[in-house]
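Asker: Let the sequences and hints guide you as you build the complete structure.
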Amino acid sequence: MSPGDRAEGVARLRRAVATIEGRREAAPTRAADRLPLTRALDRALGGGLAADGLHEIAPASALDGPAAMGFALALAARFMAVRRRVAIVMAEDFALAEMGALYGPGLAAFGLDLSRLVFVRAPDASALFQAMEDALKSGAPAAVIGEAWRLKSYDLAASRRLLLAARAGGAPALLTAASAYGAADGFSSAAETRFEIAAAPSAHPPSAGGGRGLPGAPAFAVRLVKARIGAGGAGQGADPTRIFRLAWRAEELSFDEPTLSLPVAAAVDDRPRATRA
Amino acid sequence: MTDRARRAHEIDPRAPLAVVATVKNARRLAGVDANAARLGLAPGLMLADAEARQPSLVVCDVEPEAEARLLERVADACARFTPLTALDGRDGLMLDVSGVAHLFGGEEGLVAEVEARLSRQRLTVAPGLADSPRAAWALARFSLRRIAPAGLAGKDFARLYHDLPAAALGLDAETCADMARAGLRRIGDLALRPRAPIAARFGAETIARLDALAGDERGAISPRFPAPDLSVERRFASPIATSEAAFVALAKLADDLALLLERRGKGVRRLELMLFRIDGGARRISVGAGRPLAEAKAMARLFGERLAGGAEEEIDAGFGIDLMRLSCLIAEQVAPAQGEWERLEESAGARSLADLVDRLSARLGTRRVTRLELVAAHLPEQAVAATPAALGETRAAGQGNRHCEEQSDEAIQQRSQRFWIASPIGRAEARAFAVEERPAEGRAMARNDEACDAPTRPLRLFERPEPIETLAEVPDGPPLRFRWRRVLHEVAAIEGPERIAAPWWRRPGAPTRDYFRAEDALGRRFWLYREGLYGRETTQAKWFVHGVFG
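Just so you know, the sequences run in chain order A and B. Quick note on numbering: our numbering labels position 248 of the first sequence as 248, and the sequence is numbered without any gaps. Position in the second sequence counted from 1, then plus 1000, gives you our numbering.
The hints are simulated quantities; they were obtained by calculation from the structure and are not laboratory data. Glycine included, each C-beta is placed from N, C-alpha and C at the ideal position. Careful: at least some of the hints might be erroneous.
Said to hold, decoys possible - With a cut-off of at most 30 Å between alpha-carbon atoms, the simulated BS3-like pairs for lysine-lysine come out as follows: (1) Lys-1266(B) with Lys-137(A); (2) Lys-137(A) with Lys-1252(B); (3) Lys-1252(B) with Lys-1297(B); (4) Lys-152(A) with Lys-226(A); (5) Lys-1266(B) with Lys-1297(B); (6) Lys-1266(B) with Lys-1252(B); (7) Lys-1297(B) with Lys-137(A).
As the list claims (entries may be wrong) - Label-pair restraints from in silico Cβ distances: (8) Lys-1542(B) with Arg-150(A): 31 to 39 Å; (9) Pro-36(A) with Asp-1476(B): 43 to 51 Å; (10) Asp-1172(B) with Ala-97(A): 29 to 37 Å; (11) Glu-98(A) with Lys-1542(B): 19 to 27 Å.
Answerer: This is the structure in structure tokens:
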């Protein structure tokens, strides 16, 4: 038996033990530590969202703040489904006062497990970043969401600190820049990914009484503004002109690329081929 | 009283001093210092008479609050002698010194130490030490003897106490006056008479007091702070003057405490650090932990976070700290450190999370680090409760009970029943099992809404619903468009109403709310409601945005 055979055998046995114990995803290797979102987004991101990076989420307009936070929470829910740990949701006091406090039943209906969420209110942005850094470094959470309002202190150094903390703890930092609507292109930070989120019309199931339809599953129009592809990454990178449409399926804890059911101005490449031109 | 006035007003220590209070519209002396007493002045004298007798008398007003504060500070400072300190009326302190006297070289040493420490702060002390609180009180106030030997009985007891005035029993002034009228002026007069007539004449309380004085009845004091389970302390021959040095000493104290805890197999849930300054100041800092802590480093770090958080001021060493005490206020059994192999990773995760929660709670405050729990209540704003995450385990049990009450109370409507979760959260083992079944809850909730898997409750709820202007086809119909925060929204899809009545069985008359989930043309989703049933409760329906969906 050559040494190579033996090593392979041991690896196979290890995998078998891991499968028996049902903790296959518990200790993923670093390179494979990417969370798949949807097919189109994964192609751009190089296999999914890095599970140990800093990801920024900015709303497209002043009224898209809830959608941005919804997207961040959806990402956290996906991370929580993969890594069976808690997520920590942090927010600046001012953001909560301005946008409304996070509401337990709504979070539960959104697919988040309330018993695995810890909420932190920070008095100001610097306390928020510090708390995020501590939380990321501890390695305890599956994801850390931070909703920041005053972004004056969020610069290259601050974002770099968050990124390094995320790397050290192996957990993703999801920073929602609630007040920076429409400013996603002008940011300069060390983040790996930056999304600009707008609410998108959902598929409206017809109402029984006729007339207007019912609101459907939450839908987002996602613009990938920045995507840093690591060494050996096969992603296409960011294309700020392209808009991805996603719907959040709270039941399956997954994103969906819906077929558009409404005559809205869709991104050109999302249309079925037959209708083009 | 006079000591405080002298300290506050910088009065010459040789001048006779009295404090006055207004009693029944008359200005009377409430307290006199030693100089004034030597000149024949006594509390109760009219101010005019006193000034006529002694024109050089310095007079200050009584300030009960300031005196109470001073007394509390002194009580805290006296915690260096014993953990059981209690306030005794407005002008006394009671220390339970059972079993601590030997630390100060016997009872004489202890009394001398107390006196020396307090007189250094320019406080006059009249100490008394005896077997029972009542006896010590009598000695302190009415006798020149300071220490009654232990186990005093019979003749020795009589010699010491029977000559004291009847007021030394601590009865109210009226009873004392009654006794004086009957010719009973000393304790001996009462103690040597048959008990039944005394009880009949002056009340059973008199007899009880006599028994308490003799120590026949075990009297207890009610301490300001409960005695800790465990405490370790360090005295410094040369006082510490910097906060860095205090932290070094704290780390050593934490080591000592960890050793004690380990021997008992316990961990600490609530810790208190007391710093005694050489100038008589004392400071208490307490921190809580989400899980029983047994590691010294974690304890020291909690105090570091608390002091760095800004909620507490820095350690002020003043003229120096000469005694530090670390007490464990609440201890709990800790599970043995070695767990099963397959749960090792999860328990490590739970531990690092608990550490993180403790640190954030210490820095930001426990109210800022929370978990949310669903409550079975109909009004959306009451359907959730935030509990401090640092409470950890203890919370689950109490919370469960509360749920049950609320449910029986409000089990009428169907809707909010779905938001019902009552399983223990936050316990490490429970978490390991709960993982398997947890995601089902979120799903079950969505599945109830058949075809449409949109959440029925908003992600964010406004603390105060925000009023909006709406336009609808019919007065009680759903809105066609509405204006919120100065922006006009065209409603493209809407679902409702979901009617939620106010809890009329508690407070009748509150308007019913009809909730709608509305989506505007650009896909933003709002949770609107109309207050009041049109035609029945109101003719002018008011509309509000209560929350937003993600």
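Asker: It remains to establish, for every hint, whether it holds in the given structure.
Answerer: Going down the list of hints, with the structure as the test:
1. Lys-1266(B) with Lys-137(A): 28 Å, holds
2. Lys-137(A) with Lys-1252(B): Holds, at roughly 27 Å.
3. Lys-1252(B) with Lys-1297(B): Holds. Lys-1252(B) to Lys-1297(B) sits at ~10 Å (cutoff 30 Å).
4. Lys-152(A) with Lys-226(A): Roughly 20 Å between the alpha carbons, so the hint for Lys-152(A) and Lys-226(A) holds.
5. Lys-1266(B) with Lys-1297(B): 16 Å, holds
6. Lys-1266(B) with Lys-1252(B): OK: Lys-1266(B) and Lys-1252(B) at ~19 Å, within 30 Å.
7. Lys-1297(B) with Lys-137(A): 18 Å, holds
8. Lys-1542(B) with Arg-150(A): 31 to 39 Å: Cβ of Lys-1542(B) to Cβ of Arg-150(A): about 34 Å, so the range 31 to 39 Å holds.
9. Pro-36(A) with Asp-1476(B): 43 to 51 Å: 47 Å, holds
10. Asp-1172(B) with Ala-97(A): 29 to 37 Å: 55 Å, violated
11. Glu-98(A) with Lys-1542(B): 19 to 27 Å: 23 Å, holds
Comparing the model with each earlier hint shows a violation of hint 10 alone; every other hint is respected.
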